[in-house]
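**Q** As given, the protein sequences belong to chains A and B, one line each in that order.
Quick note: the first sequence uses this note's numbering, first residue 199, plus one each step.
Quick note: the second sequence uses this note's numbering, first residue 178, plus one each step.
Be aware that a few hints might be false.
Taking lysine to aspartate or glutamate and the DMTMM-like style, the derived pairs with C-alpha atoms no more than 20 Å apart in a straight line are [as the list claims (entries may be wrong)]:
id: 1; chain 1: B; residue 1: LYS184; chain 2: A; residue 2: GLU548
id: 2; chain 1: B; residue 1: LYS235; chain 2: A; residue 2: ASP322
id: 3; chain 1: A; residue 1: LYS278; chain 2: A; residue 2: ASP322
id: 4; chain 1: B; residue 1: LYS342; chain 2: B; residue 2: GLU302
Keep in mind the hints are simulated off the structure, nothing from the lab.
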Amino acid sequence: MTELTQTAQHGLSAHSHGAGVPLQIRNARVRSSKSSDFEAISQREEQWRYLPGDRISDFLVDAFDEFAGDLALKAPDDVKTAWIGPDHDLFGKAGLPEDKISAVAWESAQAAYLINIPSDSKPDCQVQLSLVSEDRSASALHLVINAEHHSTGVVVIDHRGDAQLAENVEILVGDEAQLTVITIQDWTENSVHLSSHFAKLGRNSKLKHIVVSLGGKTVRLTPSVEFTQPGGDVELLGMYFADAGQHLEHRPFVDHAVANCKSRVTYKGALQGEKAHTIWVGDVLIRKAAEGTDTYELNRNLLLTDGARADSVPNLEIETGQIAGAGHASASGRFDDEQLFYLQARGISESQARRLVVFGFLNEIVQQISVPEIEARLTESIEAELARSVD
Amino acid sequence: MSILQIKNLHVSVETEQGAKEILRGVDLTIRNGETHAIMGPNGSGKSTLAYSIAGHPKYEVTDGEILLDGENVLEMSVDERARAGLFLAMQYPVEIPGVSVSNFLRTAKTAIDGEAPALRPWIKEVREAMEGLRMDSAFTERNVNEGFSGGEKKRHEILQLELLKPKFAVLDETDSGLDVDALKVVSEGVNRAKAANDLGVLLITHYTRILKYIQPDFVHVFVAGQVAEEGGPELAERLEAEGYDRYVRA
């Protein structure tokens, strides 16, 4: 990829921290399950600055309906599920809302759907949760994924259909557990999806968190990760494709609160068409106690046409010098002509070469999932998206 | 019978100082089954010739013709040229992240043939070609040219040559960066493609050592964007002994 615009990397050029909107360290935000603790939503606030109010107008109310779509679960027998109330031990344990819509959703969903992966789970434990909605009223859903200590599992949340959904997803990764969570946003073109993920990692645990946003008029996902014990390892991966008029916003946050944890954040997106808009704001905080931290975050965007816009803002706050490594990079660019030439020189038409290059650009994320069935599902979705839109 | 004719070819590239003419009237005729070595010092225009035949947009043809069996190649797009039977083995093959070799080969084969190859015979053909080039079967799972060593890149280029079966192949310094063992393996691949498809080869090289393994029928010495001398294999031997000094000084 040729890197043309908005390069933000330490030592190369200045970041776009955004004039007119006050800077905010993400951990300084209000965190509460009470919507009344939050100010009214305004684009003057950093966390809402990119999202025009008319895209989320149905969410500017005091309560949402409970999600009324289908929840279909495919899981091995030893994975238990239940609807749990706020009095349950695991309810609200991974984190609390950090914005008003997330808090309203928290209040509106009376119960949370718990998926529990037991300590003695089989190595190939795979859980598939399909959410299908045909309902356009603003609704709320609360999920809790609990990977018990020493467990291994993969949880896929597949969102399809037509919806306006505010979602809270809690992810608990127990000591020594290894969990992969994949959330796929494959909505119809009118859908709005605002999703907050809260992950809490135990000692020597590993979380691979993968976000795939393809369909939906407006998708905003805010995954936050907190380490509670040393030895935690998190990989936040994301992939998105925005067409004309789509707004896809991703705001990963990693809070290195304890020593010797590792984080890698890699999000890649492709954009095309008038007013295709993607936003990536990647926050990493290394607190004073987090000695030995190793972190790197990366966002790359491929702009396929004029009229599309990719905002990319990496933020790294470091409160201790005793770290193993910390870096970030962000680049947005256009097609690499040499890649197209190479493919065309093998007889592949220009339009197919473009599709193949974009496919590969996004597929790099898919290749890191290492669950063949899911890779195949996503490969198919990307190919369908490209066949429809890239020429 | 196939024939590739290059007539009075003039090619320029855009530089910061304006257009610069690199090829200044090149004439070459290659028939199928023939191997022509293009030799010359650095900067003589050898690679420009290769890229101009393939249609790289950086190179502007200002005069002359390239004809493939009488068809005007210069009017064809890059992919049309490949589908018409021209192949360029690149000196610096580019990485295509996220695209596996197997996906790439199948897509290229489908494009060249106009239909997808039948799966089982295709897999067998790929496997056999890879064995011939001493490539590990896991290679097809890797992304195109990503993390390939110099030798792996060149083997991958020749693998494509064997599988895509063009009429004419331009090998742009395929020998550069190869140790003797890899050079032999790669040369055998070229010789197999010649034997199997009666391929015409334009072998671009700075050195004579690859000519020990791929026997040229004709040798053309390129100097300053023109053919300075032509002859048979004996010309290569003379270059081996004398170098390019006498052309450059002249």
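**Q** Run every hint past the structure and note whether it holds.
**A** Okay, the hints, checked on the actual structure:
no.	hint	result
1	LYS184(B) - GLU548(A)	violated, 28 Å
2	LYS235(B) - ASP322(A)	violated, 51 Å
3	LYS278(A) - ASP322(A)	holds, 16 Å
4	LYS342(B) - GLU302(B)	holds, 12 Å
The structure is inconsistent with the numbered hints 1 and 2, although it conforms to all the rest.
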